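K.L.:
Read off the chains here:
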Amino acid sequence: MSIKKSLVTAGAALSALPIVALAQNQVNMSPGVTKVGAEIYDLHMLIMIICIVIGVGVFGVMLYSIVYHRKSKGFVASQFHESTKVEIAWTVVPFLILIGMAVPATSTLLEVYDNDDAELDILVTGHQWKWRYEYLNAEGENVSFFSNLATPQEEIYNSEAKGEHYLLEVDEPLVIPVDTKVRFLITANDVIHSWWVPEIAVKRDAIPGFINEAWSKVDQEGIYRGQCTELCGSYHGFMPIVVHAVSQDEFQGWMSAKRADKDAQIAASSVDLSLDALMTEGESVYKTQCLACHGGQGEGGVGKAISGSSIAMGDLGLHLDVGIKGVAGTAMQAFGEQLTDVEMAAVITYQRNAFGNNTGDVVQPSDVAQHKQG
Amino acid sequence: MGDHHHGPAKGLSRWLFTTNHKDIGTMYLWFSFAMFILGGTFAMIIRAELFQPGMQLVEPGFFNQMTTLHGLVMVFGAIMPSFVGLANWLIPMMIGAPDMALPRMNNWSFWILPPGFLMLASTLFMEGGAPAFGWTFYAPLSTTYAAPSVTFFIFAIHVLGISSIMGSINIIATIMNMRAPGMTYMKMPLFVWTWFITAFLLVAVMPVLAGAVTMMLMDIHFGTSFFSAAGGGDPVLFQHIFWFFGHPEVYIIILPAFGVVSQVIPAFSRKPLFGYASMVYATAAIAILSFVVWAHHMYTVGMPVAGELFFMYATMLIAVPTGVKVFNWVSTMWRGSLSFETPMLFSIGFLVLFTIGGFTGLMLSIAPADFQYHDTYFVVAHFHYVMVAGAVFSMTSAVYFWLPKWTGRMYNETMGKVHFWISFVGFNVTFFPQHFVGLAGMPRRVPDYALQFADFNMMSSIGAFVYGASQIMFLYNVIATIVSGEKVSDEQVWDGAEGLEWTLPTPAPYHTFEVPPKIEATPAHG
Ligand code: HEM
Ligand SMILES: [Cu+2]
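Going down the list, the sequences are from chains A and B.
Heads up: the first sequence runs through residues 667 to 1040, numbered per the working numbering.
Heads up: the second sequence runs through residues 237 to 762, numbered per the working numbering.
These are computed hints drawn from the structure, not numbers from a lab.
There could be a bad hint or two in this list.
Among chain B residues calculated to face chain A with C-beta under 8 Å, some are [to be verified]:
no.: 1; residue: 482
no.: 2; residue: 682
no.: 3; residue: 728
Computed cross-link-like contacts, BS3-like style, restricted to lysine-lysine with a CA-CA straight-line distance of at most 25 Å [unchecked claim]:
no.: 4; chain 1: A; residue 1: 737; chain 2: B; residue 2: 653
no.: 5; chain 1: B; residue 1: 723; chain 2: B; residue 2: 423
no.: 6; chain 1: A; residue 1: 970; chain 2: A; residue 2: 924
no.: 7; chain 1: A; residue 1: 928; chain 2: A; residue 2: 953
no.: 8; chain 1: A; residue 1: 1038; chain 2: A; residue 2: 991
no.: 9; chain 1: B; residue 1: 653; chain 2: A; residue 2: 739
no.: 10; chain 1: A; residue 1: 751; chain 2: B; residue 2: 423
no.: 11; chain 1: A; residue 1: 883; chain 2: A; residue 2: 924
no.: 12; chain 1: A; residue 1: 1038; chain 2: A; residue 2: 970
Note that this is a predicted model, so its numbers are computed, not measured.
Backbone N, C-alpha and C fix where the C-beta goes; we use that ideal spot for every residue, glycine too.
The shape of chain A in the complex, shown without the other chains:
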């Protein structure tokens, strides 16, 4: 009895699932916030509707046959088996329909490819497994930074509740001005990635050694989220993209703040920090940059173990070398450019003192700067 009851409940739940799901979930492409995106959406709807209409016709005829032309109803089969006229008709008519689709498709495609006259150029570089953004033609010095997944490991491994933007949040978003033609120059540092933000209608492969172009002109301020869409290794699913589209004034303000930050960083690298401060900062850098490969307890994984490592407990120069320049031919990347001197000092200090390494070594930002100079 109880088995039967639970089966019935399960059955009811299952059959209700599609309806519930439909009510809450996005089921269609979004027109997004650009003119091109809206055109692509219209194209998508046009072709889908044509397909549905043809489908209803074809399946309708078939269904009629299935219902009425049954042997069990005593229906006797006709023996007709060809008709050149009909064959020509259903070759020519679909051909004409295709031409009807090709015309708007061509004009939209030409628009997508019109990369000229951009007002702002941003170099987008895919790395395993993060994005780097560099603003190129803003006046003054280039501004650049890395954008990492911000979702904590605890959420991914289910020990903490998942936040609203689970897997679609980054530590530092890309900021672009609205009503501005922004050109993205897209490339990669290691394997092929693909930079996709559905709402701003850009998807372009990031290919090491080559630069692809794409552009977008966003109409509405807002936050738009996307992901890497070309399989790029283990953490392909964990390198999201977040774009903040802001007013042009706000963008200018953000840009000046970024420049000021950069100056502050340079200044900060000459100030010495306490062991505690370095450890706290180091832990957070470790979690975003190192943990995926080296493990939460420094036990290793894709990368070697940090806990008890001869490098992390041995010669400091070598340890800094590995952190700054990486190890060629392995998954260990060069972090010299990705981290500020303060962050590098902190994470090196952290690795030398956490996970039972307890060397007591304190590495200061100035040590890092000095080491970089050689």
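Once you've looked at the hints, dock chain B with the ligands against the given chain A.
P.N.:
The following block gives chain B with the ligands in isolation, referenced to the frame of chain A:
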């Protein structure tokens, strides 16, 4: 010839040394079913991990090994060999030949397959794990950044390629030379025609695949830079070569499936196939066009706009001959005298679901729209509609249709129908929602996903478990038929079936058509 009938040898040596097309066909079919179960197991691991957001069962790296092996095993281990098995069994019986033209090579084509797949599967236990770069193995992820097991993967691909090439040369030779007198090309059953064309596709593109993996091997071990910009090469070159193989490959998978339904639908409609000649021409047109559309898989790599336009127009054109085929099948059913035994159910399932896959294919062919679809679950839905509901449903239909002729025993019809309905519902519950999550922005080949995709993914996983489980019923039904199915001795088996194979005794004896049949006696198709 024909003066004495000797049966098969006894024991293991029968299977190891056999040159009999029926034995070899049987081995191909069982092997491909084993691979179907293996590839299905990988799929169940994938769907179990994707049941909920968050990482639960496997690590991301292992997840990628699963998606890669799932694709490779299903395409090269399950679907392709299953149709080769069918070709072995049926082509000689359909054209009135005593065996395949090159029987010893036939033995080899089969027997190098199991070691090839053993090599591929063994990579799971190697240091660094199995290949984790997707069944499309794009460089440089599959070269500079791959685990050491990639070398074994390359050799496995070579072995499978050699097997396919030998198999298709054999099929071409058989069809060209072994037809019974009077069996003109335009009298051949459609299944023979589609395989004839498929075999040419295979001979043309398998060497290209071999070239691609050899270039990878050179890049990995001998210091060349075909696919590395740092040495003057180009990673996109890899994609061009791969898809020059890969797009014809998808037609290699589907054309024999077209052939099967073109036999089954007329049989259960009790009416000749509508437009036989146009079916042949449409198949040829699809095959020829399939060589000039490969870059529709690469719309986002940054081709020049002229290239995009060319590949878009060419791809859209394929919809025309594909449409002709669908219209012909529906017209075959129209005013027929239909009955719905299991083979017919699977063929109708094919017809409906393949058509849906064709529609999404047409949508994907529109380059600007593909910028939004590409590498999302929308593409995953598309190719499962054409490959699972297309190729696998058609293969299942074929097994139910010809099993009584092969074994002389009838399968359990009720169980067959239940198998169909569970498969049909399970399949759609699995893959229909993937259109939605794809359009809503979920990329493919990810081990974890954002919360808004959770409901549909759970549905997909439930559907997948149902579809997977229903295959056990299929296996049971087939074994039960062989062991203790009700005997059929009627040559015809199905009252509406036509073709030479149905003129043979049931079960088909070990050697058939040692004396060529008279073709005049059998009705033509056109
Ligand atoms: C009307 C016919 C068809 C058209 C117009 C068509 C079009 C396309 C397009 C444009 C793509 C690329 C989508 C993307 O990656 O963004 C694609 C992917 C694919 N199609 Fe089709 N298709 C058709 C039929 C078929 C058939 C018959 C098969 C196989 C039986 C097939 C198998 C595949 C596969 C396996 C992929 C994905 C490959 C991958 O990236 O892993 N398609 N199709
Ligand atoms: Cu294709």
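K.L.:
None of the hints should be skipped; say for each whether it holds.
P.N.:
Taking the hints in turn, this is what the structure says about them:
Given the 8 Å rule on beta carbons, the hint for residue 482 of chain B is violated: about 15 Å separates it from the nearest Cβ of chain A. Interface restraint check for residue 682 of chain B: the shortest CB-CB distance to chain A comes to about 3 Å, inside 8 Å, so the restraint holds. Evaluation of the residue 728 of chain B hint against chain A yields a violated restraint, the C-beta minimum of about 16 Å exceeding 8 Å. Distance hint between residue 737 of chain A and residue 653 of chain B is fulfilled; the C-alpha atoms sit about 18 Å from each other, no more than 25 Å.
The hinted pair formed by residue 723 of chain B and residue 423 of chain B fails the criterion: a straight-line CA distance of about 31 Å is larger than 25 Å. Restraint check for residue 970 of chain A and residue 924 of chain A: the C-alpha separation of about 35 Å exceeds 25 Å, so the hint is violated. Our distance criterion of 25 Å between C-alpha atoms is met by residue 928 of chain A and residue 953 of chain A, whose separation comes to about 23 Å. At most 25 Å may separate the alpha-carbon atoms for a hinted pair to count; residue 1038 of chain A and residue 991 of chain A meet this at roughly 9 Å.
Between the alpha carbons of residue 653 of chain B and residue 739 of chain A the distance comes to roughly 20 Å, so the proposed pair stays at or under 25 Å and holds. A threshold of 25 Å between alpha carbons decides the hint, and for residue 751 of chain A with residue 423 of chain B the separation of about 22 Å falls inside it, so the pair holds. Simply put, residue 883 of chain A and residue 924 of chain A have alpha-carbon atoms about 22 Å apart, close enough for the 25 Å limit, and the pair holds. For the hint linking residue 1038 of chain A to residue 970 of chain A, the alpha-carbon distance of about 24 Å falls within 25 Å, and the restraint holds.
Hints 1, 3, 5 and 6 from the earlier list are contradicted by this structure; the remaining hints agree with it.
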